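Colleague: The chain contents come next:
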Amino acid sequence: AQSVTQLDSHVSVSEGTPVLLRCNYSSSYSPSLFWYVQHPNKGLQLLLKYTSAATLVKGINGFEAEFKKSETSFHLTKPSAHMSDAAEYFCVVSAPGGATNKLIFGTGTLLAVQP
Amino acid sequence: NAGVTQTPKFRILKIGQSMTLQCTQDMNHNYMYWYRQDPGMGLKLIYYSVGAGITDKGEVPNGYNVSRSTTEDFPLRLELAAPSQTSVYFCASTPGGGHYGYTFGSGTRLTVV
Numbered sequence: 001a002q003s004v005t006q007l008d009s010h011v012s013v014s015e016g017t018p019v020l021l022r023c024n025y026s027s028s029y030s031p032s033l034f035w036y037v038q039h040p041n042k043g044l045q046l047l048l049k050y051t052s053a054a055t056l057v058k059g060i061n062g063f064e065a066e067f068k069k070s071e072t073s074f075h076l077t078k079p080s081a082h083m084s085d086a087a088e089y090f091c092v093v094s095a096p097g098g099a100t101n102k103l104i105f106g107t108g109t110l111l112a113v114q115p
Numbered sequence: 001n002a003g004v005t006q007t008p009k010f011r012i013l014k015i016g017q018s019m020t021l022q023c024t025q026d027m028n029h030n031y032m033y034w035y036r037q038d039p040g041m042g043l044k045l046i047y048y049s050v051g052a053g054i055t056d057k058g059e060v061p062n063g064y065n066v067s068r069s070t071t072e073d074f075p076l077r078l079e080l081a082a083p084s085q086t087s088v089y090f091c092a093s094t095p096g097g098g099h100y101g102y103t104f105g106s107g108t109r110l111t112v113v
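Sequences listed follow chains A and B, in order. Mapping to the numbering used here: the first sequence position 58 is 58, numbers consecutive. Mapping to the numbering used here: the second sequence position 28 is 28, numbers consecutive.
Some hints could be false.
[Said to hold, decoys possible] Quick list of in silico lysine-lysine cross-link-like pairs, DSS-like style, CA-CA up to 25 Å:
#	chain 1	residue 1	chain 2	residue 2
1	A	LYS49	B	LYS14
2	B	LYS9	B	LYS44
3	B	LYS44	A	LYS49
4	A	LYS102	A	LYS42
5	B	LYS44	A	LYS102
6	B	LYS44	A	LYS42
7	A	LYS102	B	LYS14
8	A	LYS69	A	LYS49
9	B	LYS44	B	LYS57
These are computed hints drawn from the structure, not numbers from a lab. In this text, all values refer to a predicted model and were calculated from it rather than measured experimentally.
Next up, chain A with everything else stripped away, as it sits in the complex (with noise of 0.2 Å):
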């Protein structure tokens, strides 16, 4: 079974610093792995996926984030925060291959940008 564990609810940073959202995953296959983000009172959005090419995966809005099979993580980064920065983040999984492609959120964490 596939499963996402998103390692921190809340996440605070200042602006111009860098930030980091854990997300470690368990997938009995090769997995596909997202990042979606969503902004208050928005439908949510993909920033990034891995889909088994590079293990560093580069997203919008400066976002990145790197697989590392031997630590089964998919932690997101990026240099700098950004006030518009500030919303839920979602870290999702997918087993290719299964007949019904649904895909498996974590619980969400919360950055908040501080000035």
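Since the structure of chain A is already known, use the hints to place chain B on it.
Modeller: The following block gives chain B in isolation, referenced to the frame of chain A:
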């Protein structure tokens, strides 16, 4: 392209009332999904469909029903609304293959009082 369109955006229901949440996509995606989002719980899968005429239960199907008569439409029906169904509901679609990820609608915020 409009992507995935959900209506209504907000709704207040009284206990025992029924309603249908509409979801339409114009991307010719075969796979469609309904999730509910509760604070601190992430997204839980209610129902999904792998194509017109085919639907199946997700993690939390009780109190809901769906149909998929066309590729474009995937409505979610609440027959007897209960306070436990107060949530934000998201519809999503994907062309197929787990590596695509989903395209989400903007959500329906439902309150049952």
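Colleague: Are the hints correct? Go through all of them and say.
Modeller: Results for each hint:
1. As the CA atoms of LYS49(A) and LYS14(B) are separated by approximately 40 Å, the hinted pair breaks the 25 Å bound.
2. Of the supplied pair hints, the one linking LYS9(B) and LYS44(B) holds, its CA atoms being roughly 19 Å apart against a limit of 25 Å.
3. A distance of roughly 20 Å separates the Cα atoms of LYS44(B) and LYS49(A); the hinted pair therefore holds under the 25 Å criterion.
4. For the hint linking LYS102(A) to LYS42(A), the alpha-carbon distance of about 22 Å falls within 25 Å, and the restraint holds.
5. Straight-line distance between C-alpha atoms of LYS44(B) and LYS102(A) comes to about 11 Å, which keeps the hinted pair within the 25 Å bound.
6. For the hint pairing LYS44(B) with LYS42(A), the CA-to-CA distance comes to about 17 Å; that is within 25 Å, so the pair holds.
7. Distance restraint check for LYS102(A) and LYS14(B): the Cα-Cα separation of roughly 32 Å exceeds the 25 Å cut-off, and the hinted pair is therefore not satisfied.
8. This hinted pair checks out: LYS69(A) and LYS49(A) have alpha carbons roughly 15 Å apart, not beyond 25 Å.
9. In summary, the hint linking LYS44(B) to LYS57(B) is supported, as the alpha carbons are separated by about 11 Å, within the 25 Å threshold.
Violated hints, in rising order: 1 and 7; the structure is consistent with all others.
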